[in-house]
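*Asks:* Here are the chains, one letter per residue:
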Amino acid sequence: MNLTPLQNALNERFPNATQHQQQALDALLAGGFPDRTVERWKYTRATPYVDFALRAFAEAETPSSNDTRIQQNLEQWQIAFKAVYALVIIDGKLDPNHSKVPAGVTLTDATTAPHSFNATPDDAMALLNDALPTTRIDLTIAAGTRVETPLHIVHLADASRVLSQVRITLNAEQDSELVIAEHVLAATGEEHMHSSVVTAHLDHAARLHWYRLQNTNADALIATRIDATLDEHAALHALTLDIGGALVRNDLNVRLNAPGAHVTMNGVYLTDGKQHVDNHTQVNHVARDTTSSEDYRGVLREHSRGVFNGKVYVHEGADGTDAAQSNKNLLLSDHAEIDTKPELEIYADDVKCAHGATVGQLDDASVFYLRSRGIDHDTATQLLTFAFCRELIKDIADPTLREAAQTMIADEIPNFTAMDIE
Amino acid sequence: MIEIKDLSASVDGTPILNGLTLSVGAGEVHAIMGPNGSGKSTLANVLAGRDEYEITGGSITFNGQDLTELEPEERARAGVFLAFQYPVEIPGVNNTYLLRAALNAVRAARGESEISAVDFMKLAREKMKLMQMDPSFLNRGVNEGFSGGEKKRNEVFQMAVLEPALCILDETDSGLDIDALKVVANGVNALRDPSRAFLMVTHYQRLLDYIVPDHVHVLANGRIIRSGDKSLALELEARGYDWVLEEAAA
Numbered sequence: 001m002n003l004t005p006l007q008n009a010l011n012e013r014f015p016n017a018t019q020h021q022q023q024a025l026d027a028l029l030a031g032g033f034p035d036r037t038v039e040r041w042k043y044t045r046a047t048p049y050v051d052f053a054l055r056a057f058a059e060a061e062t063p064s065s066n067d068t069r070i071q072q073n074l075e076q077w078q079i080a081f082k083a084v085y086a087l088v089i090i091d092g093k094l095d096p097n098h099s100k101v102p103a104g105v106t107l108t109d110a111t112t113a114p115h116s117f118n119a120t121p122d123d124a125m126a127l128l129n130d131a132l133p134t135t136r137i138d139l140t141i142a143a144g145t146r147v148e149t150p151l152h153i154v155h156l157a158d159a160s161r162v163l164s165q166v167r168i169t170l171n172a173e174q175d176s177e178l179v180i181a182e183h184v185l186a187a188t189g190e191e192h193m194h195s196s197v198v199t200a201h202l203d204h205a206a207r208l209h210w211y212r213l214q215n216t217n218a219d220a221l222i223a224t225r226i227d228a229t230l231d232e233h234a235a236l237h238a239l240t241l242d243i244g245g246a247l248v249r250n251d252l253n254v255r256l257n258a259p260g261a262h263v264t265m266n267g268v269y270l271t272d273g274k275q276h277v278d279n280h281t282q283v284n285h286v287a288r289d290t291t292s293s294e295d296y297r298g299v300l301r302e303h304s305r306g307v308f309n310g311k312v313y314v315h316e317g318a319d320g321t322d323a324a325q326s327n328k329n330l331l332l333s334d335h336a337e338i339d340t341k342p343e344l345e346i347y348a349d350d351v352k353c354a355h356g357a358t359v360g361q362l363d364d365a366s367v368f369y370l371r372s373r374g375i376d377h378d379t380a381t382q383l384l385t386f387a388f389c390r391e392l393i394k395d396i397a398d399p400t401l402r403e404a405a406q407t408m409i410a411d412e413i414p415n416f417t418a419m420d421i422e
Numbered sequence: 001m002i003e004i005k006d007l008s009a010s011v012d013g014t015p016i017l018n019g020l021t022l023s024v025g026a027g028e029v030h031a032i033m034g035p036n037g038s039g040k041s042t043l044a045n046v047l048a049g050r051d052e053y054e055i056t057g058g059s060i061t062f063n064g065q066d067l068t069e070l071e072p073e074e075r076a077r078a079g080v081f082l083a084f085q086y087p088v089e090i091p092g093v094n095n096t097y098l099l100r101a102a103l104n105a106v107r108a109a110r111g112e113s114e115i116s117a118v119d120f121m122k123l124a125r126e127k128m129k130l131m132q133m134d135p136s137f138l139n140r141g142v143n144e145g146f147s148g149g150e151k152k153r154n155e156v157f158q159m160a161v162l163e164p165a166l167c168i169l170d171e172t173d174s175g176l177d178i179d180a181l182k183v184v185a186n187g188v189n190a191l192r193d194p195s196r197a198f199l200m201v202t203h204y205q206r207l208l209d210y211i212v213p214d215h216v217h218v219l220a221n222g223r224i225i226r227s228g229d230k231s232l233a234l235e236l237e238a239r240g241y242d243w244v245l246e247e248a249a250a
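Order-wise, the sequence lines are chains S and P. Quick note on the numbering used here: the first sequence kicks off at 1 and runs consecutively. Quick note on the numbering used here: the second sequence kicks off at 1 and runs consecutively.
So that you can see chain P by itself, here it is in the shape it has in the complex (with noise of 0.2 Å):
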């Protein structure tokens, strides 16, 4: 679905990513995991398009597309979501609002016609359902006033109402409590198709003990440098990162 070839980028001339490659298949989880700085959350925005964000090589194909091409709007419309690590809070726009629009914009170019008003809040509430979110929050200015917990159950309902193809999570599971944790997990694990690929940006194994990963891949000074499935993950929570990092030195 997304291949990603020795790609470099850097925020205001510092590099962050220096020639990763990684290449995620339909239907697969892969987590990206690593120390602080390594570059993880740069990986997941320059994915989305964030313009601060600068491509100083390599490419990345997402269903044949050159992704590199495509404005952040023509990204989400293509079936490219990122749930935010920090989803910023916007008052005066109506959680409704946005995720009708955003809903209409993807169907739009899916070549499908707008959602009535009606089929939309039904969809809407089974989502918020799936989540355990209060209904009330729709009604509410995008994230305004919600807690950090509330904002990532948010990312991932709007993910749900979405159905993207390509579903990336940076830090979802940061400032979770263990119950919060679980209702992400199920809402993500309910989205998994084998039409839809994952790629989860995270710092720690435990999330990866609710939403089990196919492959798991350790970044450093922006590039992989070990990858493995779901027992590198738990390894690496054993004994830290130190020793990935001392062999990919050797």
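Chain S on its own, in the form it takes in the complex (with noise of 0.2 Å):
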């Protein structure tokens, strides 16, 4: 697509655009934006995003928010999830009156201090993040720091279409231990953008969960991309749970560089209407001796549409490599459509890979036995549904983090609570 619009209005705008941004969007340039051809975006358009970062610039006014709504709305949030620790983002920007990490984590606002540009990942979203202004913040987790209690991360969007951008760079030094918590939320029903760039180092035997829950609104585009590299030993569970946004595009790449490292990912989606969910994974074995796990689910209905594209790379040499890999749908719409896309490359000879993916209803058999125990036939279904997903949030070991995931898969489903269900 072109992008001199794009460039026009952001040199208009922002004259004094560091050099760094300067430098990303040259990159941008150079490499143009993916359209279909590209097969990393053969079934999601990229366009909707420079088009919303395009009239976000083009409109005079600098949005406008709310700070009575803001507080309401975080308030709630604290009620739901009665965290200690937090991260608060406000229409892209960091908080920091309302954050407070715990003690061994070191919490910088990078935003504007110099940074020298390298277009690492090489990747149209992430140069475009790195273009537009975004809010820079580093994360040290402090070697042997165990905090049992999540951190969240809460990026609310409050103004009028307002485009949020946030790159974290995290450093989980060794024998450390975090849960992060990320939300992604809505303050109105007004169309915002949400695009975040996360790199990760975890070192020796550092162990992160990282775990997404976004239920925005109906109109937002959201475009998440996390690059984390493990060292020995070192384990990453991250799971994304997707339930609003128009248009949802999420990177999850991975680098097992050292024996002994370990990546779970997974991924829940609930669609309806005309909702495009597009999860793309890579997990590289680099190292012997390296596990993955992996399991996305998803739950289309109406015109909803998800994309799953899951790759597995074996690098030579990767010798005791253990990689486990499967996406399942449910299909519960005539017009709702996946496409799933499990790939595996492997070049070490002593490897145990297992790929599938599958897409249809509901198990007859399941309904059946449930339905012959007295459970009417659509009780039966939403509960078979809700246990699809409820699979892969029972691990979540924080109780109200857990339950908040499960409350809002249940309220996705129609006519369901999930009371009693533990």
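Note that these hints are calculated values from the structure, not bench results. Since this is a predicted model, take the numbers as computed values, not measurements. One or more of the hints may lead you astray.
As the list claims (entries may be wrong) - DSSO-like, lysine-lysine: derived pairs with alpha carbons at most 30 Å apart:
no., chain 1, residue 1, chain 2, residue 2
1, P, Lys151, S, Lys394
2, S, Lys328, S, Lys42
3, S, Lys274, S, Lys311
4, S, Lys341, S, Lys274
5, P, Lys129, P, Lys151
6, P, Lys151, S, Lys328
7, S, Lys394, P, Lys129
8, S, Lys42, S, Lys341
9, P, Lys151, P, Lys230
10, S, Lys394, P, Lys122
Mind assembling these two chains? They're in different frames, but the hints should get you there.
*Replies:* Structure below.
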């Protein structure tokens, strides 16, 4: 697509754009923005993101936010999650007053700190994030720090048609453990765009749990990306739950660089209306004796569409790799669609890789079993739909977080409540 | 309690039951035996209301009601219970949740109030003890990771909690070792009651050593070709099915 209008708008609006931003834009212009001839964007249009950014900058006024509304939303959220530690980002800006991190975790707002450009990750959406104003946050988890209480990252969109961007660099030092719960929320029903790029490094035996619970409004555009590198015996547990948004694209790329590294990549998407949710994942088994386990599950209703592309790449010499990948989908409407593509590329001999994808309806035998116990047909199907998603939620150790995630799913299933389900 | 008259049913257009007639009264235990493919499991599934089975003729009357008019869940609430031959695993749906929802559905149909959580747990524990099951089973997904024998025990455990009027056991003995068989039989015998009827589908006589039937029927080609008392089962055990089939054909 033609990016000149975006370049002009940016130059006009941000005459003092940093050299870094300019370099990112140049790189974006040089590479071009992907269209559907690019394999990674075959099923998902990237243009709405650029169009949104262009419109956002073409508008003369700075979007205005409503402090009372923000306060109310944060309070509601606080009650629901009983959050102790949080990073609160409102309309793309870090709010230090509402933010608190546990001991052993260092938070730095590096937005205005000088930094040099490097095109990593080399991806158009990441470059777009770099080229436009973005909030830069550095998080360091000190060696040996272990925190069970989740650190919440709240992205709240309040201002009208706001474009909020964040870029997080996380460094988990050796033997550290942290649970991060990320929330993408909107205070109004207005269209907004959220773009996040996370770069994480997990040192020797570091453990990181990254849960993203996305339940923003139906008009939102979401683009997220996590690139993680794992050292010896490090473990990353990533879970993404997508419920809201008109267009969602999640990229998760993990490199298992040393023996004993492990990643769990799970995702749930429940879509209706004309929602479009695309999950692209790639795990690189670089070193020997590394393990990965991936399970993405979708429930697609009405005219919604899901995309799953999961690549497992086993490098030469990565013997002893154990990789399991699965993508299961329930298509609950004749108009819903899923494009699923599990990919395996293996350049080592001694590996164990399993992958598979299913698309279908609920299992008739299970529905009948429940009905034969006196449970009516509608309740049986709702229960099975819920159970299908819940399988991936039940591993969340923190009870408040787990129950909140379950409630988010239950609320998406018409006439269903998760009461007493434990 | 249940009157089956001239019942015919097919699966995917293939006739399986061909004019089956059977009457089971309250307090009675009936065993349905027969060679593989004779229609035993089809009969059990038709009574429970499985969609894949199409009734092409005859009638089923349960306590004066036309059973074929009822949805599977309505049959369950009216007191029909099928202990499945192959109980499905349903990960993500907790055993306790299912059982409590099932019990409350049955209670509501009887005009009773919902059972409290405390009373329910008390009842569940008592019945688990009867079935010699580990209470931790309650917190697992329905049949999730259960062995074949554990699944069968769980079926009879559910039956014990729900206290149905008509208990249909579809090859509940298959895949059980002798100790498990005794536990399952013990559970069933504890439920025997003048107001309750049992229909046991089985391939082997072995189960009937522990649950002694009042009537034994031989099913072949979708109809009952011979009925008798428990001595018929013993004769079948000793002589096989061929002689009954030959006599019926003659």
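*Asks:* Which numbered hints are broken by the structure, listed smallest first?
*Replies:* none
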